[in-house]
Structures are given as C-alpha cells and as structure tokens.
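Asker: Each chain, written out:
Protein chains: 2
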Amino acid sequence: MVQFADRVNRVNPSAVREIFKLMADPEIISFGGGSPANESFEPDIIKEITAELLTKQPDLMLQYGTTEGWTPLRDAYIEHIAKPKGLAFDRGNIITTTGSTQGISLSIDAFVNEGDTVLVESPTFLATLMVFAKVNANVVAVDMDEDGMRTDDLAAKLEATGARLIYTIPTFQNPTGRTLSLERRKDVAKLAALHGAVVIEDDPYCDLRYSGEALPPIKSFDDADNVIMLNSFSKIVSPGLRVGTVAASAEIIPKLTVAKQCSDTHTAILPQAICAEYLNRGLLPGHLKSTAPMYKERLDTMLACIEKYLPAEAEYTRPDGGVFIWLTMPDGFDAQELLVTATQKYKVAFVPGAPFHADPADGKNTLRLNFSGATPDKIEEGMQRLSKAFAAQL
Amino acid sequence: MVQFADRVNRVNPSAVREIFKLMADPEIISFGGGSPANESFEPDIIKEITAELLTKQPDLMLQYGTTEGWTPLRDAYIEHIAKPKGLAFDRGNIITTTGSTQGISLSIDAFVNEGDTVLVESPTFLATLMVFAKVNANVVAVDMDEDGMRTDDLAAKLEATGARLIYTIPTFQNPTGRTLSLERRKDVAKLAALHGAVVIEDDPYCDLRYSGEALPPIKSFDDADNVIMLNSFSKIVSPGLRVGTVAASAEIIPKLTVAKQCSDTHTAILPQAICAEYLNRGLLPGHLKSTAPMYKERLDTMLACIEKYLPAEAEYTRPDGGVFIWLTMPDGFDAQELLVTATQKYKVAFVPGAPFHADPADGKNTLRLNFSGATPDKIEEGMQRLSKAFAAQL
Numbered sequence: 052m053v054q055f056a057d058r059v060n061r062v063n064p065s066a067v068r069e070i071f072k073l074m075a076d077p078e079i080i081s082f083g084g085g086s087p088a089n090e091s092f093e094p095d096i097i098k099e100i101t102a103e104l105l106t107k108q109p110d111l112m113l114q115y116g117t118t119e120g121w122t123p124l125r126d127a128y129i130e131h132i133a134k135p136k137g138l139a140f141d142r143g144n145i146i147t148t149t150g151s152t153q154g155i156s157l158s159i160d161a162f163v164n165e166g167d168t169v170l171v172e173s174p175t176f177l178a179t180l181m182v183f184a185k186v187n188a189n190v191v192a193v194d195m196d197e198d199g200m201r202t203d204d205l206a207a208k209l210e211a212t213g214a215r216l217i218y219t220i221p222t223f224q225n226p227t228g229r230t231l232s233l234e235r236r237k238d239v240a241k242l243a244a245l246h247g248a249v250v251i252e253d254d255p256y257c258d259l260r261y262s263g264e265a266l267p268p269i270k271s272f273d274d275a276d277n278v279i280m281l282n283s284f285s286k287i288v289s290p291g292l293r294v295g296t297v298a299a300s301a302e303i304i305p306k307l308t309v310a311k312q313c314s315d316t317h318t319a320i321l322p323q324a325i326c327a328e329y330l331n332r333g334l335l336p337g338h339l340k341s342t343a344p345m346y347k348e349r350l351d352t353m354l355a356c357i358e359k360y361l362p363a364e365a366e367y368t369r370p371d372g373g374v375f376i377w378l379t380m381p382d383g384f385d386a387q388e389l390l391v392t393a394t395q396k397y398k399v400a401f402v403p404g405a406p407f408h409a410d411p412a413d414g415k416n417t418l419r420l421n422f423s424g425a426t427p428d429k430i431e432e433g434m435q436r437l438s439k440a441f442a443a444q445l
Numbered sequence: 052m053v054q055f056a057d058r059v060n061r062v063n064p065s066a067v068r069e070i071f072k073l074m075a076d077p078e079i080i081s082f083g084g085g086s087p088a089n090e091s092f093e094p095d096i097i098k099e100i101t102a103e104l105l106t107k108q109p110d111l112m113l114q115y116g117t118t119e120g121w122t123p124l125r126d127a128y129i130e131h132i133a134k135p136k137g138l139a140f141d142r143g144n145i146i147t148t149t150g151s152t153q154g155i156s157l158s159i160d161a162f163v164n165e166g167d168t169v170l171v172e173s174p175t176f177l178a179t180l181m182v183f184a185k186v187n188a189n190v191v192a193v194d195m196d197e198d199g200m201r202t203d204d205l206a207a208k209l210e211a212t213g214a215r216l217i218y219t220i221p222t223f224q225n226p227t228g229r230t231l232s233l234e235r236r237k238d239v240a241k242l243a244a245l246h247g248a249v250v251i252e253d254d255p256y257c258d259l260r261y262s263g264e265a266l267p268p269i270k271s272f273d274d275a276d277n278v279i280m281l282n283s284f285s286k287i288v289s290p291g292l293r294v295g296t297v298a299a300s301a302e303i304i305p306k307l308t309v310a311k312q313c314s315d316t317h318t319a320i321l322p323q324a325i326c327a328e329y330l331n332r333g334l335l336p337g338h339l340k341s342t343a344p345m346y347k348e349r350l351d352t353m354l355a356c357i358e359k360y361l362p363a364e365a366e367y368t369r370p371d372g373g374v375f376i377w378l379t380m381p382d383g384f385d386a387q388e389l390l391v392t393a394t395q396k397y398k399v400a401f402v403p404g405a406p407f408h409a410d411p412a413d414g415k416n417t418l419r420l421n422f423s424g425a426t427p428d429k430i431e432e433g434m435q436r437l438s439k440a441f442a443a444q445l
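Chains S and P are the protein sequences, given in the same order.
For reference, each letter of the first sequence is one residue, going 52 to 445 in my numbering.
For reference, each letter of the second sequence is one residue, going 52 to 445 in my numbering.
In case anyone wonders, no lab produced these hints; they're calculated from the structure.
Just so you know, nobody snuck in bad clues.
A pair counts as met if it fits within one copy or between any two copies, since identical chains are not told apart.
EDC-like mimics (lysine to aspartate or glutamate), calculated; alpha carbons at most 16 Å apart, straight line:
| hint | residue 1 | residue 2 |
| --- | --- | --- |
| 1 | LYS107 | ASP95 |
| 2 | LYS107 | GLU93 |
| 3 | LYS347 | GLU264 |
| 4 | LYS98 | ASP110 |
Assemble the whole structure, with the sequences as input and the hints as a guide.
Answerer: Here is the structure:
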C-alpha cells in the first residue's frame, strides 16, 4: 500500500468528475464543458500549415526546443495578439505554455507558498481552485456583481488578509460570463501595486465577443509590473493543441521558466508552430469575425430557452461573449441533485455551481451552462429536457 | 518588487544553463545535449500520418481530450511497447504525459512531501534533481558501479533513511550510460516492496540498444505494485512532440491524473495521435533496427576519439546503447573550468558532471558527453577540439 503526498490528497477530483463519467452516454446533450464549437475548427488550414512546417523545417519541428517556447510564436503573439490590445512586449516578457492551465499552475508555483492567502472571484474557475488546493493556499473569495469582481471588497480583503496573489478572469468569466468593468480593471492594477500583490489575469475568452466594445486588459494599467497575463489558443484556434501564452515582467518570466522546466521541459513544437503560422498568415481576425455570429446565435438561443423553459425564479447572466451563462436559483435549491436527475433521467448535463466556490458549501443553488459547444437545435432540445428535470425537482 | 515562492527560489537554473546560452554560437560543436539524431527523424511519415488524422478525425484532433490521455495511444503503448517487454497492462494502468519530464514531475508531486528523503543514483538526471529541489526533498545519493546502482548501498540507505521513493534510470543511464544488471533489477523491486518505497523507473533510452541483450524492466519484478515506469517517445520518434507514458498500478494512476489536471489538463492530442498511429502501423521495430547502426557508429567513433585524443588518465564508460558517455578525470580536475575554455576558445561543448550530483560539490572532475546528436565527422572534429581544451588546462 503506497502512501501519497499531502499535495495530491488535498485535491479532490470532486463529485462532478464522477458524474461526468456518465456523460460518455452519447444520448446526453451536454452543457457541461467549456469547449469551443467543433464547427469553429479549421482542420484543412491546420493540415496545410502542418504539412508546410514539416516540409520546410522538419528538424526544428521534431527536435527538442527551448523552455521559453517556440520563438516565432512568442513574436507572433506580441505582434498579432498583444499589440492590437495596445500592449507592447519584448520576447523576454513571453513564455508559451501547454495550455493556459499550465500558465495558472506555473504562476501559482512561482508565487504561492503553502498557507499563503490568495484572493479569487466568487465563484471562480474550478481547476484553479484545484491548483490552489494542491499548494495548500488559503483561498479567500471576493464578492462579484454584474461588473465582475467588486474592487471595494477586493481592497478590504487585501487589507485584511495581506494576500500575495489575486486570481481573476476579467472577461466573460468562467463560470459566470461576467466582465470586469473598465474602472475596476484600473482599480485591480492599482490595488495590486499598492499591496505588492501579484495578479494572475486569466483571459482566454476575451476575443470571443459577440456584442459591446472590447475592454483593455488589466495588464494595460500595470505600471508596477505585477500582472501576469494569460492568453490561450484553446478557444480561438483549438484546445486540443494545448497552447497558451504568459506575458509578464522580465523579472517574473525566468522564475516561470524554471517552474516550466520542472514541469515538462517545453511545450510540443508542432502545436506552437501551427499557432504561430496561423497568426502570421493573418487568419485570426477573420476567423473571430466569422465565428462570432455562430456563437451569438447559440448564446441568444440559450437565453431565449431559459426564458421560455426554465423556472421563472431562475436568475441568470446575459454575457456579451465567451461560452458560459450562470444561473442562480433561490436558496435551498440543490443543483447537484438536479444534475443527477438531469443526466440519468432526462439525458442533459451542466455543471453545478458549488465546486466553483472557495467554500464548496456555497453556491449549491447555482449552475453553469455552456452554450458554445452545442448547435441551436441541440440547445433547444437540451433546454427542454432540462426544464423537465427542473419540474421534477421543484 | 514581487516576492517569489520558496519553491522556485530553491531551484537553481545552474551555471550550466548560463553557459549553454553561449551555444547559440553556430560554430560550436555540442556534445552537451541529450538529443536523438536529426537523421533519425521521419518527417514524411509524420506528415502523412498527421494529414490522415486531420482528415479522418478533425474534431477529435482539435477538441479537448481527457487528462488520462488519447485512448488509442494508451492502447498502442500497451500492445506495442509494454507487451514486447513482457508486461501486461490495462488501460487503467496508463496515462500519457507531456514528455517524460512530466511523468517525473507528477510522480514526485504524488509521492514526495516537503522534507521527505528520496534516493537517487549518484550521479543522476539533473532535471530530476531540480524537481526534487522544487519540492524540498532530502536527496540522498546511492553509489553506482558499472552495473548501475549498487543495491547493497540502496538497502543500507533505505534502512538508514526510511526513504519513501527511489528514482532510477536503469538502462543507459543519464548521465553515465550505465545499465542496471538483471539481478539488481530484481533487488530494487524486492527492496522497494520490503520498505514500502515507490520506485520511479525512468527508462527513456531502453530501446536504443546497439549491442548486448535487452533486460526486463524493474516493473517486471514489481509484485508489490510499487513501481512507476516512465517511457518516452522523445528518443525513439521525436522529442519535439513531447509525448511520454506512465505505467503504474490502478491505485496510483488516479493520483497522477489529479496532479496532471492541475498541471496542463491534458497533453496535446495531435502529438499523441501521431505516436499512436506510428505504433499501430508497426513502424517502431524497423525504425529502431535501422537507426541502431547509425548510433553505434557515433558511439564507436566517440569511444575511439576518447582513446586517441583525450588524456590517458581519463576513465570512461562504454555503454551498449543510449546517448551518453561519462568521463571521470583524476580528483582536482575542474570540468566546469574546462567547459569555459572549451566553449569560448575551442568551440566545443559538453556538460560538466557536478550538477548531476545530489551534492553539487561532488563530481567536479566528471563530465558527460553526448554522442547521438553529432555525425561521426563532427564527433571527430569536436573531440580534437576538446583535446586542445584539455591540453590547455592540464
């Protein structure tokens, strides 16, 4: 009988994962994931780019690379993703990662000692809560409203806890779909500087905007160099490629690089080179423009279905982009119980809200719906099924 | 001024890395890496496989996958890599990783608490020492001889320290090229069972054998289910793809999976699917057979050059495979100093031995030479250069 380290014993794979195994059932319509639409993928372009890369640079594609990442990708990110957002970086500000999850993990590795207090939105991304559990951080939740994290509460909690790190998903947040307002973006940067706290600005959804005006990242206001900005190709090109980027000060990047060396030496070259070439061919803006109406239709369909089919007492967010809608039922409602009925009896799935909370006793009456992964027909059908599961429980 | 976590402050990127930056100099002949030969790559096959995968299964290639790994790869590993070594696994015994480094990192995450004592060969893989530094393990070195780790010393140190984990590279070890004998493989499994210790059997070089008979992995003798066996596609197909595998008991795999979820969600699909298809097409045995004579020529060339050009007092290993030769000079010799002269004045590089030691005060008189990455001509030329660097220092 082997004895595991505390680190992994602290991380609870959670009841959600167990229930997700049920979803292997092909009859289930799932609003549970966070996937981009299969219809958004461009396999022919990826195929052509890959063939060209393996023809022109076979050794570079197949041999070892550097921990900091494929240089053409770091350069293409600076030019085609950061610059249009008004950000100026040098290569020394960028490392590439094996998906954004690794950016979160490395940043936490680099800044959070066991027992340190960290601040997160309530609710927040459940995988990040798992990483915090792994390093035994003391996770304190900051209140949110429709404009994202409340910076008055953030200020109070920074003061009260001496937290070293703030984790935020400012745009079309996971799980709520909410977006941090411009003023609050400035406030977060200011408060971090004032308290010497590091900000992980996890922004994988920012380019999936279907209405309203784009907002500058918190990183734009980061005069004190405290912000680590994470971007990802998962939602805009392909999650299966597992490519993300980290932008941070030239002081921070080497420590993240050391952590990455310990984690996987470097990210696979071919996926990085595919993303670089995709950007350098200037394909991203057109792709975002052409996929936005498809996603907007899915979002609008789901919002209309909530209105049509779900209980009148359900409150829900109306995001301008991203992939999630957040639903809140009256106190006493149990979304976990709903999930069991929904998956087993009505063949529809979602994620209950409790695991997105620092204290999993919170948010039992909430749930997350993903609208990006299913076609409008499936959304219509799935939401009708979900209405039956609600009816059975209420 | 941000404040980093102890975890990353403990990991020293080491003087070696600084010197390696000099190696961007294209005139330098490097025996410093651990790379397979560019000449071993099969870009046309990879290209054809990739095109087929993206044509036949575009969504599966580009969408999210599971943390445990691409199922056809787990199955192909069981059939084409484990089975020929006499090992029988179920899918529940296997997860795929982003290179073997991640297998090392996840295993250490899952089993080593801060301050725990772990046992390693002396010398051992320097990246593993970095991961142990990150978790603040107490690393105790076990003596080696020509037959690998001395199991009498291992027994004594298990007894004396109560170590929870043994890390070993049994075949064509990094950095020495030595191979653990059959009897000792059995002993390691027995001793681990006796002391309730976990064994990380890191075996990325085992299929690069150029002479002698293949030996069964330690995992073959693992009646107590204590051995975590790591294999890698880096040396046999391509390191740039970053694909490795972990084989362990069905009790251990879920904890490694939790650690992997925290690390990168999952490994990129396309590289995993390429490796699966490569195995399923039955290409590996022929590839190993056809590359072995090339590697053997490089090994023999380097051994002959050591004999011809290097100081007579140099002792060195004569491996039957792998990619490394280990050189030991008399006490008092400083390989780090040699490296400075060699790279700056004579344009040849290697890795000094000290960083491969748990106590970096050890092994200053040793160095590691890689023979797989350079053609015989380059080896000849590089070794002549190295002889001049030696002459300048002695």
